[in-house]
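S.K.: Given these sequences and hints, build the entire structure.
Residues per chain, in single letters:
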Amino acid sequence: MKILVAIKRVIDANVRVRVRSDGAGVEMANVKMAMNPFCEIAVEEAVRLQEAGKAREIVAVSVGAGNCQDILRTALAIGADRAILVETDLETQPLGVAKTLRALAEREKPDLFMLGKQAVDDDNNQTGQMLAALLGWPQGTFASKVEPVDGRVNVMREIDGGLETVSLKLPAVITTDLRLNEPRYVKLPNIMKAKKKRLDIVKPVDLGVDLAPRLKIVKVAEPSKRKAGIKVESAQALVDKLRNEAKVI
Amino acid sequence: MTATFNRRDLDFLLYEFLDLEGLLAQPRYAKHDRAVVDAVLDTAEKIAVEQFQACAAELDANEPVFDGRGVSIIPQVKTALDAYSQAGFPAASFDYEAGGLQLPCVVAQAAGAMFYGANISIAAYPLLTTGVANLLCAYGSPEQKALFLPPLLDGRFFGTMCLSEPQAGSSLADIRTKATPAGAGHYLISGTKMWISGGEHELCENIVHMVLAKIPGGPAGVKGISLFIVPKLRVGPDGAIGGPNNIALAGLNHKMGYRGTVNTLLNFGESGECHGTLVGERHKGLQTMFHMMNEARIAVGMGAASAGCAGYLYALEYAKGRPQGRRMRDKDPASPPVPIIEHADIKRLLLTQKSYVEGALALLLYCARLVDEQKTAGDPARRREIALLLDILTPIAKSWPSEFCLEANKHAIQVLGGYGYARDYPVERLYRDNRLNPIHEGTHGIHGLDLLGRKVRIAEGACFTALCRLIRADIDAAASIESLHEYASDLAAAVGELEVTTRVLIGCGDLERSLANATIYLDMVGHIVIAWMWLKQAHCASRHLASSPDQEPEFYRGKLKACRYFFVYELPRARAQMSLLQKLDDTCLTMAAGQF
Ligand SMILES: Cc1cc2nc3c(=O)[nH]c(=O)nc-3n(C[C@H](O)[C@H](O)[C@H](O)COP(=O)(O)OP(=O)(O)OC[C@H]3O[C@@H](n4cnc5c(N)ncnc54)[C@H](O)[C@@H]3O)c2cc1C
Chain G
0 MKILVAIKRV IDANVRVRVR SDGAGVEMAN VKMAMNPFCE IAVEEAVRLQ
50 EAGKAREIVA VSVGAGNCQD ILRTALAIGA DRAILVETDL ETQPLGVAKT
100 LRALAEREKP DLFMLGKQAV DDDNNQTGQM LAALLGWPQG TFASKVEPVD
150 GRVNVMREID GGLETVSLKL PAVITTDLRL NEPRYVKLPN IMKAKKKRLD
200 IVKPVDLGVD LAPRLKIVKV AEPSKRKAGI KVESAQALVD KLRNEAKVI
Chain X
0 MTATFNRRDL DFLLYEFLDL EGLLAQPRYA KHDRAVVDAV LDTAEKIAVE
50 QFQACAAELD ANEPVFDGRG VSIIPQVKTA LDAYSQAGFP AASFDYEAGG
100 LQLPCVVAQA AGAMFYGANI SIAAYPLLTT GVANLLCAYG SPEQKALFLP
150 PLLDGRFFGT MCLSEPQAGS SLADIRTKAT PAGAGHYLIS GTKMWISGGE
200 HELCENIVHM VLAKIPGGPA GVKGISLFIV PKLRVGPDGA IGGPNNIALA
250 GLNHKMGYRG TVNTLLNFGE SGECHGTLVG ERHKGLQTMF HMMNEARIAV
300 GMGAASAGCA GYLYALEYAK GRPQGRRMRD KDPASPPVPI IEHADIKRLL
350 LTQKSYVEGA LALLLYCARL VDEQKTAGDP ARRREIALLL DILTPIAKSW
400 PSEFCLEANK HAIQVLGGYG YARDYPVERL YRDNRLNPIH EGTHGIHGLD
450 LLGRKVRIAE GACFTALCRL IRADIDAAAS IESLHEYASD LAAAVGELEV
500 TTRVLIGCGD LERSLANATI YLDMVGHIVI AWMWLKQAHC ASRHLASSPD
550 QEPEFYRGKL KACRYFFVYE LPRARAQMSL LQKLDDTCLT MAAGQF
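Just so you know, the sequences run in chain order G and X. The numbers in numbering that gives the first Met the number 0 rise by one with no breaks, and the one at position 197 of the first sequence is 196. The numbers in numbering that gives the first Met the number 0 rise by one with no breaks, and the one at position 533 of the second sequence is 532.
Accuracy of the hints is not assured; some may be wrong.
[Stated by the list, open to error] Calculated pairs, BS3-like style, for lysine-lysine (alpha carbon to alpha carbon, straight line, at most 27 Å):
id : chain 1 : residue 1 : chain 2 : residue 2
1  : X       : Lys319    : G       : Lys31
2  : X       : Lys560    : G       : Lys186
3  : G       : Lys218    : X       : Lys45
4  : G       : Lys1      : G       : Lys186
5  : X       : Lys144    : G       : Lys186
6  : X       : Lys45     : G       : Lys194
7  : G       : Lys192    : X       : Lys374
8  : X       : Lys374    : G       : Lys31
9  : X       : Lys30     : G       : Lys186
10 : G       : Lys194    : X       : Lys374
11 : G       : Lys196    : X       : Lys144
12 : X       : Lys77     : G       : Lys195
13 : G       : Lys230    : G       : Lys31
14 : G       : Lys186    : X       : Lys45
15 : G       : Lys195    : X       : Lys374
16 : X       : Lys45     : G       : Lys192
17 : X       : Lys30     : G       : Lys31
18 : X       : Lys222    : G       : Lys31
19 : G       : Lys192    : X       : Lys30
20 : X       : Lys374    : G       : Lys224
21 : G       : Lys196    : X       : Lys45
Keep in mind the hints are simulated off the structure, nothing from the lab.
M.R.: Structure follows, in structure tokens:
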């Protein structure tokens, strides 16, 4: 089985994000960047499948500026075999990325395309679904367990009511959720080995895709501050407040 | 969680201030490049934040416990150390030949800074282990290396340094632990070692103690001390771990800070034979131990600077978010309060911290880079010069941050006011942790005596001369920039005065009087050295602002401000201390015990 894993470079999840004073976005100057945590889970899962003898080749791919090479190197250090960067200085948006990934899928012909369920910068949760639709492949989103079984893959999904398992015919798209696995720390010797692995850089035009943004950001603002809670005297008072003040029951 | 280190500043120091890429161009480091170094630091950062920092407060509140049989430590410590070892950090800076990754020392120290700032109590275990492995690399016999190096470098064994005894701390000449020859290169070790960090735990498979002991019949004093490798569990010739080597845990010490690092009183050979083998030559144990101290001292200084840095960053964040009081000119009580960072006195407290912490980090990484250059320089004269510089700089790099980054922690508490004094905030813990640094690895006072009594005198003052020459060269370079003229001439004057002061002190025929104020001398030289570090940083920042004024100008202006602060508020202290020192004042020396 050949696996393509798409990864995105975002503000490091440990960084406290600040809204820019002009409201046009968030503060990016001097901010530490890293691989999106859900993408990391996708890479980890692909590597575990390979370690279990269920995957032959793993190709990590990313769409973005030249500095995305650093997260691709990280993916290579975790265990991907090679990497492809589709280099663009344009802002990347779900549909443009999904089209780019489709073009890569047509080129690389993977059996499985794995992505994080969403990127923690914009929290769109769209790219995987769009990619599956564009390719006409089955999709297993919010995966918390992935099991390939002859020609198919069983995906346990996290849904509102609990868990659901779907069986997908390959090739398929999987997006990974938090509980799928706990990504390993990169090992220093593997960082050095990753240096020798192949990393190709292609341009969107080479793939015949147009990444021009179609969405416009109108304004970015801090969420309103949460008000301090209060203690109620009794369960009755709580029910009363939920019913009459919050109007949720 | 607030970051405990400033990656931006680390990048500035590594790539702009120290030209790390120039070092990486050396054949020794051919397999590394900036991308590799960044990835190594990313991994360090991740493990430091997720594994070390996450349990720092809990570990502080739950120190290791001895129930009479074994030591228990909260489980997060082992998890964190396993992550550290599995990622390959123990072997990072060792040669390929020894099974390491041959990363530059300066990179290993930068990574160390992240672990130390996140949780020094956990980081101390690998810090000691690296020291032991370094010793073995340099002085171990082929058999000792084969038995102990691989497990030390992959995290299966941890190391300790056993110098101190209850009656002998600063004065190692008075140790009593005995090593009796037992044939076939073996010695039987007996005696009591006090204060041994990491002396007993279940965090790994075995513990390797490096023990200073005396072989009966040898010369008295320090000339009769030898160094032994003594494992907690015996290790067979094939590397197999055997039974206990009769090292008994007599008890734990309960400390002010560094609480997660178990600190032990150990009895060697009390209940049966305790075997050790000699490392290096007989009776040369102290020299052997201290020879390898450069990197260990840099690491101790780095621990101090990292605690200072963690406190500074916390205080900075706090000061931006704590509304309190109004501007002097604002007379309206209904106006909203300003964040305390708007008050000049809070800015003073923060600038003091910034100038101490970033000055100390610069010095420590500078020394680490010298260690690397010593390994790569082709020219023997250059190597000799670096050895001289490291001889005089490493004790300063240990002592100055230990004293002044502790002071920085004091200021961090002050910025938080009452909250800083409460255990709900990390700054009081950082202070308590940092308080150890002027005590261990040679007390502050002992380093003062060593600097003035030995380092500036040896080889006819060659170390001292080399240092002054180097500082002058950097002054000349910085003086080419107009806005740095004033600092350059201030520092030149201070160095001139330092030469005079040192001559006066060395020239004093009465040794006791000459050394009576050695600790003040140490602090003073440290201040001059840190001023030098700030001049160099300001030089880098000015060049950047001239060539790319639009790129992060505030970061670089902040560097210039901190430089100015250090020259205006701090360097004059060195001048005052020099005038005191030149008087060879004997107030302290002549105060009789009965007069107190
Ligand atoms: C938490 C902790 C961890 C430690 N870990 C280790 C370890 O792992 N291994 C190890 O071997 N040791 C360790 N030590 C011991 C440490 O190195 C000693 O505490 C230190 O060397 C000082 O020795 P001492 O405590 O006996 O103090 P003393 O030597 O009694 O000193 C007391 C004071 O007198 C001063 N003084 C002593 N002699 C002179 C002199 N000749 N002239 C002027 N002033 C002098 C000192 O500067 C000091 O201020 C540790 C200590 C602590 C607290």
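S.K.: Determine for every hint whether it applies to the structure shown.
M.R.: Hints versus structure:
1. Lys319/X to Lys31/G: holds, 20 Å
2. Lys560/X to Lys186/G: violated, 39 Å
3. Lys218/G to Lys45/X: violated, 32 Å
4. Lys1/G to Lys186/G: Within the cut-off at roughly 24 Å; holds.
5. Lys144/X to Lys186/G: holds, 24 Å
6. Lys45/X to Lys194/G: holds, 20 Å
7. Lys192/G to Lys374/X: holds, 24 Å
8. Lys374/X to Lys31/G: violated, 32 Å
9. Lys30/X to Lys186/G: holds, 16 Å
10. Lys194/G to Lys374/X: holds, 24 Å
11. Lys196/G to Lys144/X: Not satisfied, since the Cα-Cα distance of roughly 33 Å exceeds 27 Å.
12. Lys77/X to Lys195/G: Given that 27 Å is the threshold and the Cα spacing comes to 33 Å, the pair is violated.
13. Lys230/G to Lys31/G: Answer violated: Lys230/G to Lys31/G is near 40 Å, above 27 Å.
14. Lys186/G to Lys45/X: Holds, at about 12 Å.
15. Lys195/G to Lys374/X: Holds - the C-alpha atoms of Lys374/X and Lys195/G are around 26 Å apart, at most 27 Å.
16. Lys45/X to Lys192/G: With Cα atoms ~20 Å apart, Lys45/X and Lys192/G stay inside 27 Å; holds.
17. Lys30/X to Lys31/G: The hint holds at about 25 Å.
18. Lys222/X to Lys31/G: This hinted pair is violated, its Cα atoms lying about 52 Å apart.
19. Lys192/G to Lys30/X: holds, 10 Å
20. Lys374/X to Lys224/G: violated, 55 Å
21. Lys196/G to Lys45/X: Holds, because 23 Å separates the two Cα atoms, which is no more than 27 Å.
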